[in-house]
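Protein chains in written order, with this note's numbering: chain D, 41 to 254; chain B, 41 to 254; chain X, 12 to 266.
Hints in this document: simulated from the structure, not taken from any laboratory.
As the structure is a computational prediction, the values presented were derived from the model and not from experiment.
Here a beta-carbon is modelled for each residue, glycine too, at the ideal position from N, C-alpha and C.
Check before you lean on any hint, since a few could be wrong.
Unchecked claim - Coverage of chain B stretches by chain X, computed from C-beta distances (three or more under 8 Å per stretch; other residues unrestricted):
{"id": "1", "stretch": "97-110"}
{"id": "2", "stretch": "127-134"}
{"id": "3", "stretch": "137-149"}
{"id": "4", "stretch": "193-205"}
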Amino acid sequence: MGRTELKALLEAIIYVSEEPVTVDALAKGVRDVPRDELRAALDELVEASHAADRGVEIRKVAGGYRMYTKAEYHDAVRRFVRSQRPPLRLSMPALETLAVIAYKQPVTGPEIHAIRGVDCSSALATLLDKGLIVTAGRKQCVGRPILYRTSKEFLIRFGLSDVDELPTLKEFEELARAALGEVEGAPAETAPAEPAPAIAEPVAEEKPAEPEHA
Amino acid sequence: MGRTELKALLEAIIYVSEEPVTVDALAKGVRDVPRDELRAALDELVEASHAADRGVEIRKVAGGYRMYTKAEYHDAVRRFVRSQRPPLRLSMPALETLAVIAYKQPVTGPEIHAIRGVDCSSALATLLDKGLIVTAGRKQCVGRPILYRTSKEFLIRFGLSDVDELPTLKEFEELARAALGEVEGAPAETAPAEPAPAIAEPVAEEKPAEPEHA
Amino acid sequence: METLPSVQLEAYEGPLDLLLELIRKQEIDIFNIPIAQITQQYVEFLHRMEQLNLDIAADFILMAATLIQIKSRMMLPPDPLAGPGESEDPRADLVQRLLEHEKFKSAAQMLQQKQILEQATWSKPDLASFADEKGELVVTLWDLARAFREVLERPPAPSGLEIRKEEITVAEMMEEVRRALRESDSAIPLLELCKRHPTRRGLIVLFLALLELVRLEAVVAVQAELFSPILLRKHKMFDVVFAGATPSEVNEQYN
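Let the sequences and hints guide you as you build the complete structure.
Pasting the structure below:
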């Protein structure tokens, strides 16, 4: 392997590694390259990454080599990251609470509690905060609890034009059941063609069949 | 900011970003740099990353820019990858269903069933589970079936910048005709033109092949 | 039937796959399918599958019916009323479907190749140092439907009072008040906030939070007349206060 390819290979390895990559580890992973050569290539790599048009550099740290964004761009990078609308991330409790609200709306906190079996106040706060749900008045019952429903933001985030576009439970069941392969005893209409187990039929390939009499 | 620093900053941003970085996102997050200049700098960045001594390149995927190790180093790199996404293993039925969705999107379950001739619920559930497809509302027809389309994850997993980048269906149509229409021994030129002219029409609405526009 | 092409019965996901294989094995021109022969073979396969106790999906049966129908239409004399070029080959639809299916099979193979190639490269998102994640997942509509079903399937919780530790801090409470006021165009009754925090500690924290907000001139408490409900409303510094102070600063003062 020439020096050029060696440098490229080392860069790729350092990029994917989570920990600083030591010369020892490299010597084990990249065979037939003497340590001296590895070290020389690494030095060149570090040097090259300092070029002004590079925003990511390779530094020697904790006895190994690791890739870092250059410090002078940290502010700008952070600004960029902040400007992004991050993908919607939800914890399991929040997701479940949102699911109950989406399907049962408008629904009160105590009702969600009853369905989920756990308290939902913190999940509700998260969802309100992310703007995925809004309050929708109060239920005319004892305690007049607050009603919740999904927001416009919810529709946007989930690519819906209306809540009635949500998959129905029946639709979900059909897909999920098929995925689990629960086809035994199911009516033929819903049964996907299941690969059959053992079969005594001869296997194809070897002998091409003769064209048949029509 | 000069072009050199801009390129360095863009490299740093692409390095830290979880999602492919789009020009739109950059225009919003990097102040005072016009889109034209962003695009030019990105082009230069992509070009520079192809240099032989680089092991990490910047590629356009899912409409944005993202950093990848070069494929030619995968053998050695694999050994150093610790936390890697589980490899994507799809059965042929799932891949075929995905192909139908990729080319016909947005498309409903019943439509896919009609094309593939088999129930696709289980394949759909698999694809939804792996995040390769997402729901896209409902079709305004009897039964209001759910529409499906491919996701950003699909583009990323298959290394596509856009679904338009896929070979056109027409190309596959020609393949299919060639594979099934030619009788052994018959000259290829005459075979497809032979009987049943009524069926020689190309199939429904394909997208015309369009040059990729950035 | 000895002359039946040998094909692996279980390998066919659907009737179109089986038909295509029959056509391919016998090098039949798809544009001139000997429909009687193919129908006979197809039905024979279904019989065999039955004998082997294979689960025959409805789609296979439907195709058998389609084939038989095409066969019988082929035997009819052409429609004398149909103009030239109008009398369609009864096989046309089927051929179209087979071609369409074959097309997507090739497309699937192309996708598979792309994906294998893509798997040889790695991208390492390194956002960790710039954004914090708290075990949250990127979710889709599908996850939402799944979550709902899982909730419904869960055994009901034991009834009875649940005693939980109220952990809300003053800063969090201030944040909650901000949220409540931000979402509401009008003033909010104090009592409504109190109801959300029925525990003793909750009420104390709420009280402290309100004192702080009033002191900072972010919130004003008003009362239309003596003994009428106390209402909370945004005050002149509402936006300024919440744009500035970070929760930890406030917490330090109270904890």
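*asked:* Hints numbered earlier in the text: which of these fail when held up against the supplied structure?
replied: none
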